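Q: Numbering (UniProt numbering), first residue to last: 1 to 371.
No lab work stands behind these hints, which were simulated from the structure alone.
Just to be clear, a hint being listed does not mean it is correct.
[Said to hold, decoys possible] Below, in silico cross-link-like pairs of lysine to aspartate or glutamate (EDC-like), each with a Cα-Cα straight-line distance of 16 Å or less:
hint, residue 1, residue 2
1, Lys-150, Glu-257
2, Lys-150, Asp-284
3, Lys-150, Glu-285
4, Lys-303, Glu-287
5, Lys-150, Glu-287
As the structure is a computational prediction, the values presented were derived from the model and not from experiment.
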Amino acid sequence: MVQPSHPKTIPTKFETSSSTRDFFARNKLPVDTLRPCLDFISLHYPRHQINPLSSQGFCSLTFLLASPETNLIVQFRPPAYSLDTNVARLASRIYPAYAPRTRGLGRLGDGGGGLLVYEMSRTPGISLQSLRAHDPERAQDAGFLARLVKDFAAFQVASYHASTSLPRPKDLGPVASSLSPRLRALHARLPPRFRSKTRFLLATLPLITGALPWVLTHGDLLPGNIMLSPTSGRLTGLVDWAESEVLPFGMSFYGLEELLGTLQPPSCFVYHPQSSRLRTVFWDELEAGIPGSREDNGEMRRKVGLARDLGVLLWFGIAFDSGAINRVISEGRDGDSSDFIKLAAFLGISEGEGESSREVERMDLDVDSKL
């Protein structure tokens with residue numbers, strides 16, 4: 001256990017950050033836990049300038065470290081949100097151009113709230129979320145987005161080819177080991193308009209899990225984790241691999257939707273005017289990198305499309321309740337949440353679409369008898 005050094009004055013830029021205060025409040029830690037975090041960094045990285053992220057994540061407190069020699073990330077995480085460093089190393093080995101190198105540095109001692117400490121290589125560029133906030137015109141430029149979409153397809157191609165050298169883990173992750181139960185729960189508890197989609201995926205789940213390669217899949221492809229060059233739009237990397245698992249190829253394709261549109265108030269997801277053309281750019285690049293996919297009469301695209309829909313349901317249909325991923329979202333509790341909005345938009349399901357409750361009940365009995 002790492003003991004903090006003698007306390008120092010906390011700079012104002014750390015004290016006044018609302019996202020920093022929110023992190024400590026969310027994890028039931030006193031704000032002065034920040035002091036041993038800064039002391040740890042000062043002790044182990046005396047030549048580095050320390051800056052906090054402008055917006056902290058839900059599960060971690062992150063600092064940018066800069067020196068003439070290196071640029072690094074140091075991250076503090078509660079034990080409930082610990083990183084699997086084996087998976088992190090696997091990600092950087094399989095995706096050296098996209099995943100940061102990560103190593104564990106131990107746990108803070110007295111006054112540190114038991115926070116775990118990690119060092120990561122710093123991914124260049126800025127997040128898509130930051131670009132949209134600070135330069136929305138550039139973020140919406142069609143040529144700029146085309147380069148980003150093309151690079152996102154190249155990342156997916158890399159994952160496809162890496163599957164041949166990827167060892168299937170003896171113990172699958174929490175999502176991979178429960179695909180069928182989770183899909184059944186979604187089928188039973190989502191509003192009726194989603195039932196035709198969940199029913200079809202239940203019937204085709206063996207095809208998804210058996211006919212597609214299993215790849216190391218990023219578990220949180222949101223704009224805040226997608227890093228890019230602010231000038232060219234080229235993808236520079238993906239951060240926050242904490243939720244990554246080995247899953248069927250295509251389940252992370254929901255990330256394409258995050259590139260092609262944005263949430264707009266009060267409660268809708270709006271696609272870019274050229275989203276259809278940009279989607280074609282993605283598929284052209286993907287199929288160019290996967291041998292035989294252009295000559296199979298659309299078979300690969302059909303299977304990957306099924307996996308993509310499964311990924312949308314699992315990522316947006318199941319709530320992230322302080323790290324727990326066991327509850328299906330409901331309209332009464334989550335009706336106005338971004339997850340509900342994206343779930344409907346990404347699956348192309350409108351408010352009034354779907355079957356009546358009586359039709360659903362009748363057909364559910366038929367489905368259950370066959371599954």
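Q: Tell me the hint numbers this structure goes against, listed in increasing order.
A: Of the numbered hints, all hold.
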